[in-house]
Each structure stands twice: as C-alpha cells, then as structure tokens.
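K.L.:
One letter stands for each residue in the lines below.
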Amino acid sequence: MTWPRTRRPGAVEMAPLAGVCAGLALAAGPLVDRIAAWVTALLAVAIVVRLVLNHRSQRLPSLPTKLLLLAAGAMGVAATFGSVVGVEAGLSMMLLLVSLKLLETNSVRDFQVLTLLGFFLALCDLFFSQDLLMWLYVALVLVVLTGGLVRFHRRAGACSYARAVRLAFTLLLQALPIAALLFLFLPRSSVAPPFRLAPSPLASQGISDRLAPGSVASLAANDAIAFRAQFPDGTRPDTADMYWRGPVLWRGDGLQWGQGNRLSEEAGARRLAGSAMRQSISLLPSGGQFLFALDRPESAPPSAAFQAGGWLQNARPIVNTLHYEVTSRPENRQTALPPDHLQAALALPPRLSPEAWALAASWRNGAPTGRAIVANGLRYFHNQPFTYTLTPGAYGENALDEFLFRRRAGFCEHYAAAFATLMRAAKMPARIVVGYRGGEYNALGDYVIVRQADAHAWCEVWIAGSGWLRVDPTEAIAPERVSAGLAPRLQAGAPHSTAARGVRMRGNLARQAGLAWDSINYHWDLLVLDFDEDRQRALFGWMGVGHFARAAIVTWSVLAMAVLLALVALWLRRPARFRGDAVSRGYERFCRRLAAAGVAREVWEGPLGFTERAARSFPDQSAALRRIGALYVGLRYARTPPPVAEFARALRAMPALSRAPVSAAEGV
Amino acid sequence: MPLPNRHALGLAAVLGAMWYAGASQSNGAAYLLCFLVAAVAAVSAIHAWANLRGLTLRVEPIRPVFAGEQVLVPLVLDAERGTTPHAVRVDAGDALHAAEFPEIAAGHERRATVRFAAARRGLFSGARLTATSLYPLGFFTARRVFFADQTWHVYPRPEGSAPLPASSTAARDRREGPRAEGDDFAGVRAWLPGESQRHIDWKAAARGQPLLTKQWAGESSGTLVLEWNALAPLDVESRLSQLARWVVMAERASLNYGLELPGVSIAPASGEMHSHACLRALAVFTLP
Numbered sequence: 001m002t003w004p005r006t007r008r009p010g011a012v013e014m015a016p017l018a019g020v021c022a023g024l025a026l027a028a029g030p031l032v033d034r035i036a037a038w039v040t041a042l043l044a045v046a047i048v049v050r051l052v053l054n055h056r057s058q059r060l061p062s063l064p065t066k067l068l069l070l071a072a073g074a075m076g077v078a079a080t081f082g083s084v085v086g087v088e089a090g091l092s093m094m095l096l097l098v099s100l101k102l103l104e105t106n107s108v109r110d111f112q113v114l115t116l117l118g119f120f121l122a123l124c125d126l127f128f129s130q131d132l133l134m135w136l137y138v139a140l141v142l143v144v145l146t147g148g149l150v151r152f153h154r155r156a157g158a159c160s161y162a163r164a165v166r167l168a169f170t171l172l173l174q175a176l177p178i179a180a181l182l183f184l185f186l187p188r189s190s191v192a193p194p195f196r197l198a199p200s201p202l203a204s205q206g207i208s209d210r211l212a213p214g215s216v217a218s219l220a221a222n223d224a225i226a227f228r229a230q231f232p233d234g235t236r237p238d239t240a241d242m243y244w245r246g247p248v249l250w251r252g253d254g255l256q257w258g259q260g261n262r263l264s265e266e267a268g269a270r271r272l273a274g275s276a277m278r279q280s281i282s283l284l285p286s287g288g289q290f291l292f293a294l295d296r297p298e299s300a301p302p303s304a305a306f307q308a309g310g311w312l313q314n315a316r317p318i319v320n321t322l323h324y325e326v327t328s329r330p331e332n333r334q335t336a337l338p339p340d341h342l343q344a345a346l347a348l349p350p351r352l353s354p355e356a357w358a359l360a361a362s363w364r365n366g367a368p369t370g371r372a373i374v375a376n377g378l379r380y381f382h383n384q385p386f387t388y389t390l391t392p393g394a395y396g397e398n399a400l401d402e403f404l405f406r407r408r409a410g411f412c413e414h415y416a417a418a419f420a421t422l423m424r425a426a427k428m429p430a431r432i433v434v435g436y437r438g439g440e441y442n443a444l445g446d447y448v449i450v451r452q453a454d455a456h457a458w459c460e461v462w463i464a465g466s467g468w469l470r471v472d473p474t475e476a477i478a479p480e481r482v483s484a485g486l487a488p489r490l491q492a493g494a495p496h497s498t499a500a501r502g503v504r505m506r507g508n509l510a511r512q513a514g515l516a517w518d519s520i521n522y523h524w525d526l527l528v529l530d531f532d533e534d535r536q537r538a539l540f541g542w543m544g545v546g547h548f549a550r551a552a553i554v555t556w557s558v559l560a561m562a563v564l565l566a567l568v569a570l571w572l573r574r575p576a577r578f579r580g581d582a583v584s585r586g587y588e589r590f591c592r593r594l595a596a597a598g599v600a601r602e603v604w605e606g607p608l609g610f611t612e613r614a615a616r617s618f619p620d621q622s623a624a625l626r627r628i629g630a631l632y633v634g635l636r637y638a639r640t641p642p643p644v645a646e647f648a649r650a651l652r653a654m655p656a657l658s659r660a661p662v663s664a665a666e667g668v
Numbered sequence: 001m002p003l004p005n006r007h008a009l010g011l012a013a014v015l016g017a018m019w020y021a022g023a024s025q026s027n028g029a030a031y032l033l034c035f036l037v038a039a040v041a042a043v044s045a046i047h048a049w050a051n052l053r054g055l056t057l058r059v060e061p062i063r064p065v066f067a068g069e070q071v072l073v074p075l076v077l078d079a080e081r082g083t084t085p086h087a088v089r090v091d092a093g094d095a096l097h098a099a100e101f102p103e104i105a106a107g108h109e110r111r112a113t114v115r116f117a118a119a120r121r122g123l124f125s126g127a128r129l130t131a132t133s134l135y136p137l138g139f140f141t142a143r144r145v146f147f148a149d150q151t152w153h154v155y156p157r158p159e160g161s162a163p164l165p166a167s168s169t170a171a172r173d174r175r176e177g178p179r180a181e182g183d184d185f186a187g188v189r190a191w192l193p194g195e196s197q198r199h200i201d202w203k204a205a206a207r208g209q210p211l212l213t214k215q216w217a218g219e220s221s222g223t224l225v226l227e228w229n230a231l232a233p234l235d236v237e238s239r240l241s242q243l244a245r246w247v248v249m250a251e252r253a254s255l256n257y258g259l260e261l262p263g264v265s266i267a268p269a270s271g272e273m274h275s276h277a278c279l280r281a282l283a284v285f286t287l288p
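Quick mapping for you: the protein sequence lines, in order, are chains A and B. Going by this note's numbering, the first sequence opens with residue 1, and the numbers climb by one from there. Going by this note's numbering, the second sequence opens with residue 1, and the numbers climb by one from there.
With the rest of the complex left out, here is chain A (with noise of 0.2 Å):
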C-alpha cells in the first residue's frame, strides 16, 4: 500500500490563520485546567507550527504524518485518562483534533471547520462556569472567530483586520435579538440525557464528606462562590447565626471524620420550633450532591431528600446551577433519639490514648448536666493555649492526642472533631456538621453570597430532653491566639470568611463594585441561565398564549425572526454615505456651492475644465477658481503635491459666489 504523497502547500493569508488560531488559543483558554498539559502544550506547538510553516510557504506535513501523531495522541490521552471517553479525556481528543486540523489547515473549508471546532470549544467553555464574565468571555471568542472567518472571505485587498472584527461584532449585535428571541419563544425539550457531565474528581470542588485535618482550611483561600441565598419574606438572620448546614458525620476516628453506616429515618427530627425562615437558594454546580440550608431546614425541595442527621442530599449530582426554596427554624426540639443513633453518636475510635480518656472523664466529673460537660469542654479550649491557625502543620500518627496536649494548632475541622470526638469520650452522643458559616450581605441585591471560603465544621451533641445541640468549639479560642489574618473570622457579626477577602477589601469602594459586579451576575444566573422549560410555561402563560399549539408558537416566533432579519435587510440598504477623503469631500462641496450659484459640473467634466468653465463665469473670481482646481489636481496628480491645508485654505477664501454668472455658456 503506498500513501499519498502529495503534501498540501502551507500558503495562506497569514491575518486569518492568525485570527482563527487567536480565537482557538482563547476558546481553549478556560480548558487548561480540564486537560492534561501536556495537550495544551501541543495546541501550542501546532499554532506555533502552522504559523511558521505559513510563513516560510511551507507544505503542510503529510498524511501519515498526521496519521501517526493522531495515534500517538489517542494514546497518551488513554494513558493520562485511563480511557478516550469521559469529560476531560474527550475534551482533551478534542483540542488533539483541533491541533491536528490546523496543521492541514489551507483550504475554504478547513477554516469554516475550524471556526466551527472553536465555537464548540467556547460551549466546552460553558460547561464549567456560566457566570457572566465567562459569557462575555466567550462573546469575545466568537468575535475574534467569526473575525477571523470574515477575514479569511475577504481574501486579499484593501482591508484591515481591524474592519472584519468589526463587521463580526456588527453581525454579533444584530443577532442579540434574535437569539434572545429564540431564547425567549422557542419551545423547549428536555431529552433524556445520554450522559451526565460526571462528578469528575476535577469538577468537584468545596465542601466534601469526609472531613480530616486540612480538609476546611484547604478552602479558606477559595473565593470561589458556594451558592446565593435570598430571604423572600425578609427574615435574614445575622451574619454570625448563619450555619449553613451540610452534611452531617458520624463516624469519627481521631481527626479523620466521615459519614459511617447508613442509619435510620430519624423519627422526630424535623420537630423544630423557632421563627421560619424562607430561602431561595442558588447552588452553583459542585459535582457534589449536597444542599445547604440554615440549621435546621424543615421541608426538602422536590429533587432533595434527608438524610440521617436532618441535612439534604439531592437526588442527582449537581452539576448545573441548583435553584430551589427552603425553609428552616432555629430550634431543635427532638425529643428521642433513635437506638441506631445513639449507637453511631457514641461510637468511639478503636484506639483512644489514656490522657484523652483522662480528659474526657475530666469534663464529665461533677458535671451535672449535659450542658455542664460541653461548657467544661469548651472551657478546656479555652484556657489552654490552642492557637487557630490556617497553617497547623501536618498531623502524623496519634493526631488526635498531638493536637489536644502538644502543638494546640489548629483549624476548625481540627477543633469540631477533637471536640466531637471527647464528648463521646465523655459518654455525650456527638457528631459533626459540616457546611458554611456567615455569608457576605449584599444590600445591592438584597442577598448573602456564600464563598468556599466560608466553609466551616462544626459540632452537635445530644442533651437529653432538649434535643441536638449546636456547638461550635472554635468560638471558644480566646481571641489573642487566633493567628493574624484570622481575627476577624471569629469576631462576632463579622463575616466568616473576611480573612479570606482581607486583601480584597482594600477599599470600600472595590467592594461595592464587587458586590454590584457580584448582584449582576446573580441576576443574570437567575433571570437568563436559569430560563427553563417551566418558566418559559409560565411566560407564555402570561402572555396569554399559554394555550397555543407549539406550531403555533414556533411559527409566530419564526414570522418574529423574519421581522428582525428584513429589519437587518433594511439598514443594510440605508443610504449610503460618501466617505472620501479631506480632499475629495472639499471638492465635492465647492462643486456643490458652483451649482448653487448655477455652474454645475458635467459628469465627464475634469477639474481643470471645469473651474476653468467657471473662472469663465465669475470672471472677478477667476484666479481664486483657477487656483483651487490646480490645487486640487495638484493634490491628486503631482508627484509632490501641495499641503491640504493650502487647499483647505483656498476653500474658505472663496467669496460667495452671485447667482448670476456671467454667461455659463460663454466659450463652450
């Protein structure tokens, strides 16, 4: 078998091929973190390839060439992924496939497949953030595409890159309101979906169940929003009251919590007392399955279900941005607790050192109520020198008695699973939630912004007859050791995660743009990305159509998309403008004002001709005439012609001319 061994010639215009690679490079930007390195760097080296071999005219390499590297491409993406499928192995074939075809790239149709693989690249964009700085991002990226693809068909000639981008951004704006109205009326459907974007150990970031050291503190420096909260009824707690609740952990070993067994339906525990607060909570995408809510919620949303610990688990993976309503009270006021549960809340580590079974026993001594030992507890914390630290260093073996009696340095995953774990020890049923504390207000928009960096963990213990109380071990640090950059964590009112922003809150006035910034891209989610199916019900409801058929529908929105495309048609045709130069407009309007005054020019008429024809006609202008049309011939036609402003000059010193010349025809 032979190949062919024709290979194609590398030649093009180099503004579009740069164009097209620009907006690739930019439509793989948001990428680089979803893909093995070792892919981008090869998206690189083939821009940087295909630029160089275009402009040393080049051919292009080979059919096997291709062939081979398409193979070994495969299989390093198979050897970094484990497969060729799945969301960040496809992504990766993908942008292969792109490096491969802009090396062939030479042709009409490489470009528009090209720009196509660009514009599908910029919705791989969408997958991972939808905020509205990625959708201007992405704005951007189609701009510079479809620039690109403008430039390559206007092929050579007079024309600037900078006039296609132009003319891309034209197009852009003319068909926002088509595609919002496509947006708007479109009947939507929902298809089964083949895949779920995956739970990708990538995509999953914030808070997970399992909590061991550093696990909490591992987020203080995450910006990244966890999710929206708005209080529709007005009823906003203080920054400070607000545990979002998460999961809840049972099963504790030391420092290293996690969920343990599945336990039973709690019988009782949504008994809850306390004024109801609604929520409208928006969830951006974790990869996780958890819903938060204020302690405690009362109702799960549809998609949700509770789990043993009265927290909400939904039902699927959250991988889109999650809108649901909840409500939550205060107060606990469960009365019995399951066998199982108690059980689990008292199950101890198998290994527990004697100086921590010391301690525990030290709590629990002539306390005479549950609420007693907690108070010891927490007095323990408060009294020894444990410092609050982001940077506790690593704990090895033993953790739990490392970080009672020695180092004492610690964050709050540290604090709340010591603390959890000692009260077992101390014969109190304990356990751990994890979630988020505080939130940033955003008067702007009237709701809480709840960062990764708020993440917290936290304790509840078992006080017989009053039901699961909240403790929260970390407030009991006495201030003056909470390391620097911390302090405002712990103030009461302060938001949790301040530390975290400290450096962005340079200025009362960054904030507030940031939290406008922050209002407009809620609005957006809310309002635009979150136009489903049922809203687009609900619109049509309200307009009155609610009853039309679908046809009906989509033929009146396709009469609408005419409309909006006869009215592009129609600005297209306007008028146009003469655009000429300086020069050239100063002609045509000292031709203008000779026709005024009855001397107008023939078509076939040159300027010497015809200001000599009108030197003719206003003889006591004549030099003033002739002179602008040598002027104006000069400037055309000389090879080194006068300066403009002589012309510009001569312009303004012609008098005005009477109405009555002479006689026009005079030597014709």
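Don't read these hints as lab results, they were simulated from the structure. As the structure is a computational prediction, the values presented were derived from the model and not from experiment. Every residue, glycine too, gets a C-beta built ideally from N, C-alpha and C. Some clues are possibly wrong.
As the list claims (entries may be wrong) - Here are some, though not all, of the chain A residues that point toward chain B, as calculated from beta-carbon distances under 8 Å:
| id | residue |
| --- | --- |
| 1 | P30 |
| 2 | L116 |
| 3 | L126 |
| 4 | F128 |
| 5 | L171 |
| 6 | H323 |
| 7 | N442 |
With the hints as your guide, set chain B onto chain A.
P.N.:
Chain B alone, transformed into the frame defined by chain A:
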C-alpha cells in the same frame, strides 16, 4: 436569497450539538450559545445578500471562436455607489475558469475574462454569468445571475483531411495591398491578439517596441470556390468542418476564395473580414 452550502451542514451539526447539550443537561448557557450562533448565521445570510446587491456586471463583445475552443467573456464589474461587494466569484458555467475579485469598490471598474467551452457551432446569445460570494461567514452562498446581452458565433471545428480544391485557372489577378504572405516586405502594422505569431517582428519586440506584424506584398494566388457539393459523401457537420478548415487554409494562403452552400453563396474575396463572413455562414448554416 443566499442558500446554505455544504459548510452550513457543519454549522448545523455544531448547532445540533449545542442544542442537545442544552436540552439534555438543561443547560441554559448552551441554549443561549446555540441560539446566538444560529442568529449570527442567519444575520450573515442577510449580509451575504446585501454584499452582492450592489454588484453590476457588463459584458464586452465576445469574439467568435471555433467549436471545441473556449469562449472568452470579457467582464466589466462595478458596484453601485455606497456598496462594496467582497469576495466575488464570477463564472460562466465553468467553475474552473472563474474570476475572483476580493473587493469591488464603487466607481472602480474591475475587468476580467471568464471562459467556457464552446461545444457546438452556431449563433448564441445571452451568456449566463453567475456571481457568487461566500462573504461574510461562508455558511451561505449568495448568488446572482446575469445574462450577457451579447451575441457570439461559434464556428464549426476546422477538421477534415480533404485537400484544398484547386484554384480556378482563370482570374490570376495581381492584387494590390499588403498581405500576411507574399514575396516582398511591405512594412509592419500592430499585431492583434489571435493572429499568427510567425510574422511578429521579434527583433523589434526585443528592442522594446510593441508587437508588430510584418506584412508582405506580393502576388496573390488564384481564386477558388469552396463548394458544399464537393463533399458529397460526408454528413452535414463533417462537411461544415471541412469547409471551415478550407476557409482557414485559403485565408492563410491569401487565396481569393468564395463559398457555395445550399441557399448561401459568398462571392470570392479574401481578407479577415471575408473569412469571418464565410465562417459565420458556416456557423449558422442549416439545410434549407
């Protein structure tokens, strides 16, 4: 209106993928991007239409050719004031010989020649010229069809192996005037495209002068009549081809020749006008 072309298939595939992503992941962002790209494509179709709207096309006289050769169509393109058609491609039915114009600015005429194969002899009119453009995005092909208001002749293909009939012995008259062949050099005149290159004054051309044709004065040969009836066994087209070949040969030999066809008779003469007249008669000939 501009029609979607094969590149639009790829666009449709990508739009389908976007829509599917939106529908299956209930991802509003994917929907929005899908509709935005679709709307950009729809608007680009309008721009594609507007791009060719101002194009004007004129055809200059078309020279006659022999069947089997290419008809050359000289075009003059211009744009109406205020419009600037981009990336215009004009062809006359033969995509291989299309003319491309990156940009046609109003008031700046652009010239080009497109060609198409002349298959049959005859007198033709109304050449169909198609202007297409992929501008601005390439997913829609704008198309305008122009009909040239020119007529042109396609002469019969000059073929046949029969020798030139003998010239009549009478009428060996000496003719005055310059000829392309003869005995005595009689000066030069400007070379016209299509004339034989054998008589170009190459020495003069090497000196930088325009191409000139040397002309000769001399004794012209005798008079002969090219007769339809002399080619009795052949069919109509073969006879016309043979006659066309004779006309070419006779003209090349500077003979005085006439043409005798059923119903058509052209008196003996010579010269370029005469040969074209004969060939035109052959081109449009139909048996009475």
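K.L.:
Indicate, hint by hint, whether the structure satisfies it.
P.N.:
Now for the hints, and whether the structure bears them out:
A hinted interface residue such as A/P30 counts as satisfied when its beta carbon comes closer than 8 Å to some beta carbon of chain B; here the least separation is about 13 Å, so the hint is violated. The beta carbon of A/L116 is positioned within 8 Å of a beta carbon in chain B (closest approach about 5 Å), and the interface hint is therefore held. Residue-level restraint check for A/L126 holds (minimum Cβ-Cβ distance to chain B is 4 Å; threshold 8 Å). About 10 Å separates the beta-carbon of A/F128 from the nearest beta-carbon of chain B, more than 8 Å, and the hint is not met.
About 5 Å separates the beta-carbon of A/L171 from the nearest beta-carbon of chain B, less than 8 Å, and the hint is met. Interface hint status for A/H323: violated, as the beta-carbon distance to the closest one in chain B is roughly 11 Å, over 8 Å. With a cut of 8 Å, the hint placing A/N442 at the interface with chain B is violated, because the nearest CB-to-CB distance is about 22 Å.
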